[in-house]
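Engineer: When you get a sec, could you build the whole thing from the sequences and use the hints?
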Amino acid sequence: MADAVRRRPAAIKAVPVRHTGRWVAAVVVLAIAAGILYTFVTAPNLKWDVVRHYLFHRLILQGVVTTLELTVLAMLIGIVLGVVLAVMRLSPNPVMSWVSWIYIWFFRGTPVLVQIFFWFNLALVLPHIGFGIPLTSIQWQANTNTLVPAFMAATLGLGLNEAAYMAEIVRAGLISVEHGQTEAAQALGMTRSLVMRRIVLPQAMRVIIPPTGNETISMLKTSSLAFVAAVPELFTRSQQIASATFEVIELAIVASIWYLAMTSILTIGQYYLERYFGRGSQRGLPLTPLQRFRRMLVTFHAPPPAPEELPVLLPRGH
Amino acid sequence: MSPNPMVKAEAVHKSFGRLEVLRGIDLEVQPKEVMCMIGPSGSGKSTFLRCINHLEKIDAGRLSVDGELVGYREHGDKLYELRDSEVCQKRSEIGMVFQRFNLFPHMTALDNVIEAPMRVKRESRAVASERAHKLLERVGLADKVNVYPNHLSGGQQQRVAIARALAMQPKLMLFDEPTSALDPELVGEVLDVMRGLAEDGMTMVVVTHEIGFAREVGDSLVFMDGGVIVEAGNPRDVLGNPQEERTRSFLSKVL
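Protein chains in written order, with our numbering: chain A, 1 to 318; chain B, 1001 to 1255.
Everything labelled a hint here was simulated from the structure, so no lab data went into it. Wrong hints could be hidden among the right ones.
[Said to hold, decoys possible] Partial pick of chain A residues on the chain B-facing surface, computed with a CB cut under 8 Å:
(1) 176
(2) 180
(3) 181
(4) 183
(5) 184
(6) 186
(7) 188
(8) 190
(9) 192
(10) 199
(11) 202
[As the list claims (entries may be wrong)] Looking from chain B toward chain A, a few residues come up when the C-beta cut is under 10 Å (computed):
(12) 1101
(13) 1120
(14) 1126
(15) 1161
Ideal Cβ placement from N, Cα and C applies to all residues, glycine included.
Structural biologist: In structure tokens form, the structure reads like this:
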């Protein structure tokens, strides 16, 4: 053993290849980007002090809060209903499967803008909404406009539409889990719902989370369609101010800065959620953004899936 | 024959579409017996094993475990299908080990073993963990308790899978080619665990290609081909002095 160690040659120390092309390309791209940015920043008619003034304006901040509320509620409806629809779609009961199919077909097949519009104007067709059980005196009724205010109309429109997309995402996740997992769980005496909750869904999460993060980011921006229902969210607020002051572009920039900030935070959140559900997977955990940035600065190339991060297959016990 | 066999099959038939996979299987497995089933792939031995815990439904014949029909209740001369919950209850008394291990990859070795006792039998974590630690120690993995399956070798994974099945304290263990997916040098460690189980008096039905294991550990041997039992009996007799031509030609290829 000691012999083998002594005979081991020194580690290779070579002069690294000079990536001249990479440097040139980087400089060109940066120059173009800087040029575009400079043109905009110094545009004579763009009043940056207006942007600065409205960035933390009370109305804008209220709009940000409303946008977040809309996004969270609509995604909540979308995810919960989406899981239900996906499980229904895979159910052995043909009625369940068909109802789910038709729901997805309808809500994915019509524009979300039209759906929000529909909920907002529901009172035109149904001035009152009520429930009752036939052949009994049990009845309940309410005015549609009090039952479905503008905020609710937008939330419903966005959420019900999202559910159709989430259903397909969840279904893809569920069928990605190997059938052997279900069999092994069944062989242990686990019931159908237990198998779904404890074995299949947690594994499907790894497949479900990335596109769901995508959907959430998309929802944050799509929520601006609540404009048509006059819901005072970020975009509506900025346009209300703009229509009074005529500073249209400045307020669009204000709104954009806030949307960018919120999506950035969501991106980071998604990243850590993925790390959590990736536990026990074949690959090692991905680098955190900070680690990735450091590595990029050192090596000047995009980080490959670092081999030293892969878990070493442990040697046989005995 | 004994009045209370652990597994009793009478003329069991099973088809997948138009393909008849089992064409009349008759056999009995006595308590504490180790029965090995060999045969070419596609001969129906894995399907028969899966029928025993109702992962597959039989089409005709009678199949019972510990005196109770699999998947049905008999009342008068009518058969009634069991509810899902009743099927689950019966399955929980039968352990099964798969060719591809099928450990739950999002759980550590310990969590894999305590999952069913806690969720199905509603044992407390303390009770389930205590037994799980003993079982993992018994299969030689006391140091891998908190490791995820993907960080274990194939042989280690299969031993966790055996511990997982044993955690339900089954009265019968089914092994579906437990060593076929393993690298040759890892086969021994799994067979050793199975040999230990047999010595402790576990009733086992083992579908396998390990002729050596069948000869040394098995109490009985069944050779299947084309959905029927071609030859059955004492392993030494069947392997040493096969009566049927098909058995001879199969053995000449695998020995």
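Engineer: Each hint needs a verdict: does it hold in this structure or not?
Structural biologist: Status of each hint after checking the structure:
no., hint, in the structure
1, 176, "violated, 13 Å"
2, 180, "holds, 4 Å"
3, 181, "holds, 6 Å"
4, 183, "holds, 6 Å"
5, 184, "holds, 4 Å"
6, 186, "holds, 7 Å"
7, 188, "holds, 4 Å"
8, 190, "holds, 6 Å"
9, 192, "holds, 6 Å"
10, 199, "holds, 6 Å"
11, 202, "holds, 5 Å"
12, 1101, "holds, 8 Å"
13, 1120, "holds, 5 Å"
14, 1126, "violated, 19 Å"
15, 1161, "holds, 8 Å"
Violation of the numbered hints given earlier is confined to hints 1 and 14; the remaining hints are satisfied by the structure.
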